[in-house]
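J.: Sequence:
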Amino acid sequence: MRIVRWTGSGIVATLLLAVLAGQMGLFSGTPPDDLGVHAGRLKPPSETANSVSSQASLWAGHAQRERAQIAPLALRGDGPATIARLQALLQGQPGVTIVDRRADYLYVRCETRLMKFVDDVEFWFDPGSGVIQVRSASRVGRSDFGLNRRRIEELRARLAAS
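Using the numbering used here, you'd call the opening residue of the sequence shown number 569 and step up by one each time.
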């Protein structure tokens with residue numbers, strides 16, 4: 569039996585290679601081609617533990633249904649005004665790119681600073697419920713370590729204070 573012993577320099581080299589791979593865009597993933605609102609729903613949560621969705625409960629039998637559930641965002645004014653506020657809060661944030669903006673829908677791409685992981689974040693004014701439905705999902709990986717949930721909860725607090 570051979571035992572491999574990691575030295576401090578081996579660990580550092582592995583970490584540096586991972587950061588370099590991230591900087592080269594190897595962790596950015598492929599942009600989804602099925603985002604948006606379809607039949608009154610955003611895309612379902614990811615099949616792995618790397619997304620949150622205010623509509624997770626609509627997807628009966630989904631493996632991540634309970635874990636992915638997050639409350640929708642409350643309106644600040646009407647739907648289009650709230651979408652505009654969300655855009656204003658997100659615009660100019662490091663790593664955030666506005667991809668699509670309509671009166672009732674906002675899609676942003678969020679990229680982490682060091683490893684360049686990309687998350688797709690959608691907001692939709694749901695006129696039937698009178699809320700902003702939200703979905704935030706990582707493109708790659710099996711876990712986001714709670715980043716998508718933290719992002720939405722921080723944005724919720726900023727929106728309420730605006």
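Heads up, a few of these hints could be off.
As the list claims (entries may be wrong) - SDA-like, lysine to any residue: derived pairs with alpha carbons at most 20 Å apart:
{"id": "1", "residue 1": "Lys684", "residue 2": "Gly629"}
{"id": "2", "residue 1": "Lys684", "residue 2": "Pro695"}
{"id": "3", "residue 1": "Lys684", "residue 2": "Thr598"}
{"id": "4", "residue 1": "Lys684", "residue 2": "Thr665"}
{"id": "5", "residue 1": "Lys611", "residue 2": "Asp646"}
{"id": "6", "residue 1": "Lys684", "residue 2": "Asp672"}
{"id": "7", "residue 1": "Lys611", "residue 2": "Gly645"}
{"id": "8", "residue 1": "Lys684", "residue 2": "Arg707"}
{"id": "9", "residue 1": "Lys611", "residue 2": "Asp672"}
{"id": "10", "residue 1": "Lys684", "residue 2": "Arg669"}
{"id": "11", "residue 1": "Lys684", "residue 2": "Gly663"}
{"id": "12", "residue 1": "Lys611", "residue 2": "Ala649"}
{"id": "13", "residue 1": "Lys611", "residue 2": "Pro662"}
{"id": "14", "residue 1": "Lys684", "residue 2": "Ala649"}
{"id": "15", "residue 1": "Lys684", "residue 2": "Ala628"}
{"id": "16", "residue 1": "Lys611", "residue 2": "Pro600"}
{"id": "17", "residue 1": "Lys611", "residue 2": "Gly660"}
{"id": "18", "residue 1": "Lys684", "residue 2": "Pro599"}
{"id": "19", "residue 1": "Lys611", "residue 2": "Ala624"}
{"id": "20", "residue 1": "Lys611", "residue 2": "Arg644"}
{"id": "21", "residue 1": "Lys611", "residue 2": "Arg670"}
{"id": "22", "residue 1": "Lys684", "residue 2": "His630"}
{"id": "23", "residue 1": "Lys684", "residue 2": "Arg670"}
{"id": "24", "residue 1": "Lys684", "residue 2": "Pro662"}
{"id": "25", "residue 1": "Lys611", "residue 2": "Arg707"}
{"id": "26", "residue 1": "Lys611", "residue 2": "Ala631"}
{"id": "27", "residue 1": "Lys684", "residue 2": "Trp627"}
{"id": "28", "residue 1": "Lys611", "residue 2": "His630"}
{"id": "29", "residue 1": "Lys611", "residue 2": "Ser625"}
{"id": "30", "residue 1": "Lys684", "residue 2": "Arg633"}
{"id": "31", "residue 1": "Lys611", "residue 2": "Pro599"}
{"id": "32", "residue 1": "Lys684", "residue 2": "Tyr673"}
{"id": "33", "residue 1": "Lys684", "residue 2": "Gln632"}
{"id": "34", "residue 1": "Lys684", "residue 2": "Gln637"}
{"id": "35", "residue 1": "Lys684", "residue 2": "Ala728"}
{"id": "36", "residue 1": "Lys684", "residue 2": "Ser697"}
{"id": "37", "residue 1": "Lys611", "residue 2": "Arg726"}
Hint data in this document are derived by calculation from the structure and do not stem from the laboratory. Note that the coordinates shown come from a computational prediction; the quantities given were computed from them, not determined experimentally.
J.: Each hint: holds or not?
T.: Now the hints, each set against the structure:
| no. | hint | in the structure |
| --- | --- | --- |
| 1 | Lys684 - Gly629 | violated, 32 Å |
| 2 | Lys684 - Pro695 | violated, 35 Å |
| 3 | Lys684 - Thr598 | holds, 13 Å |
| 4 | Lys684 - Thr665 | holds, 13 Å |
| 5 | Lys611 - Asp646 | violated, 23 Å |
| 6 | Lys684 - Asp672 | violated, 29 Å |
| 7 | Lys611 - Gly645 | violated, 26 Å |
| 8 | Lys684 - Arg707 | holds, 11 Å |
| 9 | Lys611 - Asp672 | holds, 16 Å |
| 10 | Lys684 - Arg669 | violated, 23 Å |
| 11 | Lys684 - Gly663 | holds, 9 Å |
| 12 | Lys611 - Ala649 | violated, 23 Å |
| 13 | Lys611 - Pro662 | violated, 25 Å |
| 14 | Lys684 - Ala649 | violated, 31 Å |
| 15 | Lys684 - Ala628 | violated, 33 Å |
| 16 | Lys611 - Pro600 | holds, 10 Å |
| 17 | Lys611 - Gly660 | violated, 26 Å |
| 18 | Lys684 - Pro599 | holds, 14 Å |
| 19 | Lys611 - Ala624 | holds, 9 Å |
| 20 | Lys611 - Arg644 | violated, 24 Å |
| 21 | Lys611 - Arg670 | holds, 17 Å |
| 22 | Lys684 - His630 | violated, 28 Å |
| 23 | Lys684 - Arg670 | violated, 27 Å |
| 24 | Lys684 - Pro662 | holds, 12 Å |
| 25 | Lys611 - Arg707 | holds, 13 Å |
| 26 | Lys611 - Ala631 | holds, 14 Å |
| 27 | Lys684 - Trp627 | violated, 30 Å |
| 28 | Lys611 - His630 | holds, 12 Å |
| 29 | Lys611 - Ser625 | holds, 12 Å |
| 30 | Lys684 - Arg633 | violated, 27 Å |
| 31 | Lys611 - Pro599 | holds, 13 Å |
| 32 | Lys684 - Tyr673 | violated, 25 Å |
| 33 | Lys684 - Gln632 | violated, 24 Å |
| 34 | Lys684 - Gln637 | violated, 25 Å |
| 35 | Lys684 - Ala728 | violated, 29 Å |
| 36 | Lys684 - Ser697 | violated, 35 Å |
| 37 | Lys611 - Arg726 | violated, 25 Å |
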